[in-house]
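Novice: Based on the hints, put chains E, V and G in the right spot on chain U.
Number of protein chains: 4
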Amino acid sequence: MGNNLLKGKKGIIFGALNDMSIAWKVAERCVEEGATITLSNTPLAIRMGTTEELATKLNAKLIPADATSVEDLECVFDESMEALGGKIDFLLHSIGMSPNVRKKRTYDDLDYNLLNQTLDISAISFHKILQVAYKKNAINDWGSVLALSYGAAQRTMYGYNDMADAKAMLESIARSFGYIYGRAHNVRINTISQSPTVTTAGSGIKGFDSLVDFSERMSPLGNATAAECADYCVVMFSDLTKKVTMQNLFHDGGYSSMGMSYRAMEQYIKSFEGLKDEAGNIILG
Amino acid sequence: MGNNLLKGKKGIIFGALNDMSIAWKVAERCVEEGATITLSNTPLAIRMGTTEELATKLNAKLIPADATSVEDLECVFDESMEALGGKIDFLLHSIGMSPNVRKKRTYDDLDYNLLNQTLDISAISFHKILQVAYKKNAINDWGSVLALSYGAAQRTMYGYNDMADAKAMLESIARSFGYIYGRAHNVRINTISQSPTVTTAGSGIKGFDSLVDFSERMSPLGNATAAECADYCVVMFSDLTKKVTMQNLFHDGGYSSMGMSYRAMEQYIKSFEGLKDEAGNIILG
Amino acid sequence: MGNNLLKGKKGIIFGALNDMSIAWKVAERCVEEGATITLSNTPLAIRMGTTEELATKLNAKLIPADATSVEDLECVFDESMEALGGKIDFLLHSIGMSPNVRKKRTYDDLDYNLLNQTLDISAISFHKILQVAYKKNAINDWGSVLALSYGAAQRTMYGYNDMADAKAMLESIARSFGYIYGRAHNVRINTISQSPTVTTAGSGIKGFDSLVDFSERMSPLGNATAAECADYCVVMFSDLTKKVTMQNLFHDGGYSSMGMSYRAMEQYIKSFEGLKDEAGNIILG
Amino acid sequence: MGNNLLKGKKGIIFGALNDMSIAWKVAERCVEEGATITLSNTPLAIRMGTTEELATKLNAKLIPADATSVEDLECVFDESMEALGGKIDFLLHSIGMSPNVRKKRTYDDLDYNLLNQTLDISAISFHKILQVAYKKNAINDWGSVLALSYGAAQRTMYGYNDMADAKAMLESIARSFGYIYGRAHNVRINTISQSPTVTTAGSGIKGFDSLVDFSERMSPLGNATAAECADYCVVMFSDLTKKVTMQNLFHDGGYSSMGMSYRAMEQYIKSFEGLKDEAGNIILG
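Protein chains in written order, with my numbering: chain U, 1 to 285; chain E, 1 to 285; chain V, 1 to 285; chain G, 1 to 285.
Keep in mind that the hints were calculated from the coordinates and are not lab data. Just so you know, not all the hints are guaranteed correct.
Which copy is meant is left open, so a pair is good if it fits within one copy or across any two.
Straight-line Cα separation of at most 20 Å, PhoX-like style, residue types lysine-lysine; simulated pairs [as the list claims (entries may be wrong)]:
#1 242 with 7
#2 135 with 104
#3 87 with 135
#4 7 with 57
Isolated chain U, as found in the complex (with noise of 0.2 Å):
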C-alpha cells in the first residue's frame, strides 16, 4: 500500500498518545512505507492513552521515558539501536505542554517555574534529544529529524500563552543543532508547521473550534489533517528531501500565505448582521 520510501529505514517516534495523536499517524506510515520503528512517551502519557496499543499493531517496542531528562533519553536512544539493530535514520519530536495553560496562568500573569516546565517539555527536549544522540552517533548519515511546530511562533494567537515561546525556540533549535548536526554528519533537522489539529492536545485551547473554523475557511485547501501531516513526515523522512534543512515547513494548506480570503470574510461579515443601519451599512461598535 505504501511506496517502500522508508524501506529498512529506523526511526524513533515520540508523542503518540492515541489515535488522533499526529505520532500515531507518523507512526503507522512510517511502518507502511518499510521502517521498523521504536515508540516513547511518558509513563503517565503511557498510562492516560493507548501506546501501547499502537507498539502491539506495529511491533514496535515502547520506551517509557521523560523527554526532559537526559538519563531517561539516554535509555531511549540505546534501547532503539538494540532494538532496532543498529543506528537510527529518523526521528520524530510530538511533544509539547503548558503547565501555565493548564493552571489558566495567562501570559500576563506567568508562573516563572511553570514557564521553565514549558520550556524544558516543549523546547529543550528537543535539543536534548539531538545533543544525546550526536554524544552517541546514534543517528546515521543523512538521517533525517522533524518536530512538530505551530504558526504561533510567528504570529501570536490569543490564548496560546507561553506555547508561542516555546515554539519560537523549538524552531531555533532546529535552526541551530541543523548546522551542527549537518555538517558533522549530513543529518538535517526541520519543523513543520501544521494547522490547528482537533488532536487530545490541540483541543485544550480556548475557542479552538471557531480558531479551526477561521482556519479552514482561510486556506484555499483547508486545514491539512494529521493523516497528511503524516504523509509530509514519510517524505521529510526520505532519500528524496535530502537537502531540506534548518527549515520551518508549513503544511496548512495555505494558511500561512494568506492575507484574508473571501471565505472567510463571507462568514465574518455576517458577524454584523442586525448591526446594520437603515441604509445598509455595518455599524462599528
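Specialist: Showing chains E, V and G alone in chain U's frame:
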C-alpha cells in the same frame, strides 16, 4: 509644532491626490518639520484631485509628471533641484493603480496589457525614479527614499489582485536598488507596509470596509492612520535612522505579527449565532 | 528503481535545455516514478539544446512554445492533454532569462523594454501558464504546480540584477494564483528556491564559481544538486504533499538559514593573510 | 542639540556597562532629547563597569537589580516611578549573557543548567520586566519598550551558541507581550536587531573581528554603530512611531537583506590566491 527633524532638507513627494492621501499628510508633516519640498502627480490626478491647493498651502512647486515616463521624471528632478536650490534629501513614492482591478478583470482573467500597466505604474515607476535620480546624481549622500507598500505583498488578500504582485516587486526593487544606491552614495531605500487606510485609492477594493474592521480588531493598537504614517515617514527621512535600509517596515498597529486576536475572534464567533444546535455547539456548514 | 510516486500521473515540464538543466533531471525522475509527460521549450532553445534527445529517451512529446505567448501555451495544454490522454496532474516552470544581464546593462542602467522582457519571460509566463490552464480546466483536482526560484528574491545578490525582481514577482504569483486555483480546484502551487546550480543558465552570472564555493561552505549539507532538486520536485508532485501550497520552499542544504558558518569564515579569513601586523592581528583596510 | 523628541518623558535603561555599551549611548541620547531616566544593572556589572559615572553625568538614579529576580524588578519600577515622579514612558532591555559560551561549552555539549541561565538572563528577564510593569500598571498608555536582538535569531552564526535560541525567544516575547500590553494599554513592544557591535559583550565571541569585517563589506551602508543605534532607539521611543509594534527591526546598514555584495565577494576571492591552477581556475579543496 514640529521637532525640526527635517530642517534644511529638500524632498519630493509623489502621489498626493487629496487630503485623504497619505502622501498629502506626509507633505504637510515634512514641511512642518522644516523641509522644503516639491510635489508631483499625473496631470489627470492634478485635475481630479486638489494637489494644487496643497502646493499653494505649503509653498511647494507642483510638477505634473507621468511617473512611468523617464523623460517626465527627468523634468521632476531638474525642476525640483532648481526650485529647491540643490540636491534632494528625501523622496516618497506613493503611487499605485491596477487597471485590471478598475476593469474588474479577476486574477484568473487578467488582461496582460493591463498587467504591464499595473507593474509599470505601481512598481517599475519606483525603479525609474531611482535610476533617473542615480544618473543625475540628484540625491545627497545619506538621503532617504520611501515607497508605500501593503501586506498583500507577503500574504494574499482576496480582491487585491495583481496589485499583490506589483507590491512584491516594489519591495524587491527597494532591496535591489537599496544595495546599489547604498554602496555608491549611502542613500537608503525602504518600503513602509501600512495598515489598510481609507483613502481614495484604498476605498476601491471590494469589501474594504469589513477588511478595515477585521484589521482594526486584529491589531492590538488598531489600524495606523494616514497621519501616523506621515509621522513614521518623517523619522525615516530624518538623520536618526541612517542605517536602516532595504527593509520593509510594517506600520500597522501590530497586525502583521498577529495570528488571531481575542477581539477579532469574538466578532467572528458572532457570525455563527443562529447556527447553533440545542447544545450550543456551532454548526459548521 | 523509483517508488511509483507518480504512477499514472500526467505532467508538463517547461525549460529542459540540456542534461545540465534542472528541468531535464526532473523530467527523467518523473518518468522513472511512473509519470507520462510532455516537454516544452522555445523553438530557439530546442535548436540550441538537446531537448529532442530527452523527448526521445522518455518517449515524451516535445511541444515548441514561447511561454510568453498565450496562444502558444494554449497549444501546449491542448497537445499535452491529447498526447497524455487527459488532464494534467503536475507542471514544472523552469524558465528565466534577463536580456538586461545578457546585454550587460547594470541595475542602475536598466533598459525598460528589456526589463519588461525579463518579467514577461521569467515571471509573467508563470501567470500565463496558470491562467491558460485554469481557463481550460486543464489541471486535475489536487494537481501540483512548481516553479524554480532563487534566494535573490529575498536577499540581494550582486550581479543578479533584474532577475531578483522577477523572482520576487514569480513567488508572489505562486501565492496569488495558489489561492485562486486552490479554492477552486484544490490545485497547489509552490516555488522551490534552489542552491546556485551549475547549469547553462546559472553559469552566465558574474563570479558565479566563487559564489557557488561560498554557498557550498556556508551550507551545512553543501549545495543541492540538480538531481537532488529533481527528487524534491517528485515529492512535491506526489500525493504525499497535498496540503503544501503557496510556499517558497528552500532546497539549499541549509544556506537560507545560515548567517555564517565556521568553514566559510575560515576561508574568508585566509583572504587577509599577508595583511596582518606583527601581533598577528588582521589589518582592516 | 537634540530635537526634544522625548521632552517630558520618563524612562528606564537596563544594561549600560561602560561607554562602549549601546545602552550607555541610548541613555545619553534620551537625556539629550529631553527625557529623565533611571539606570539599572546588576550589582556585579556596576562594580565591574562605570555605570555610576554615567548616572552622575546624566543625573540619573542608578538602581542595582538582578533582572532575573521579580523582586528586584519590582524595586526598579517602584524606585524609578518615585525618582521620576510618575509612570514610565519608555524602557530599554539590553541584557544578554550565555554562561555556556563563557564556559566554552559548545552547542552540542550544552550544560542544561547553564542553558536555563542563558534563557533566564537573556530572554525571560524581558518577560519579567514586562509582567512586573504590567501588574504595577507602571507604563503610561502609548509607552514604548525596546529590547536589543541580533540576526542570529533568524540565521545561524557559528559560535553564537545558545544565545541564538535566547534571542529567538526574546523576539517571540516581544510579539506575545506586545499583543497583551498593546490591547490593554496601547504600549508598543519591539526588538531592534543590530549589526555586530564592538562592545564588551560582543567582543567575547570567537572570530568576532572577522565577522565584523565581513558584515561591514556585505552591508551597503556599513555596520551600524552604537551611537546610530541610540538614535534609532530615540525615534522608536518618541511619539512619531506610535503604531509600530510586535516588530523585529533590523538596524544593520542593509545586511539582513543582502545575499552577497561585490565587496564581500571580492575579499572572499582573495582567499584563494595561491590556490589556482595554471589556467587560473580556483582549486577547491
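Novice: Which hints from the list above does the structure break, by number from lowest to highest?
Specialist: none
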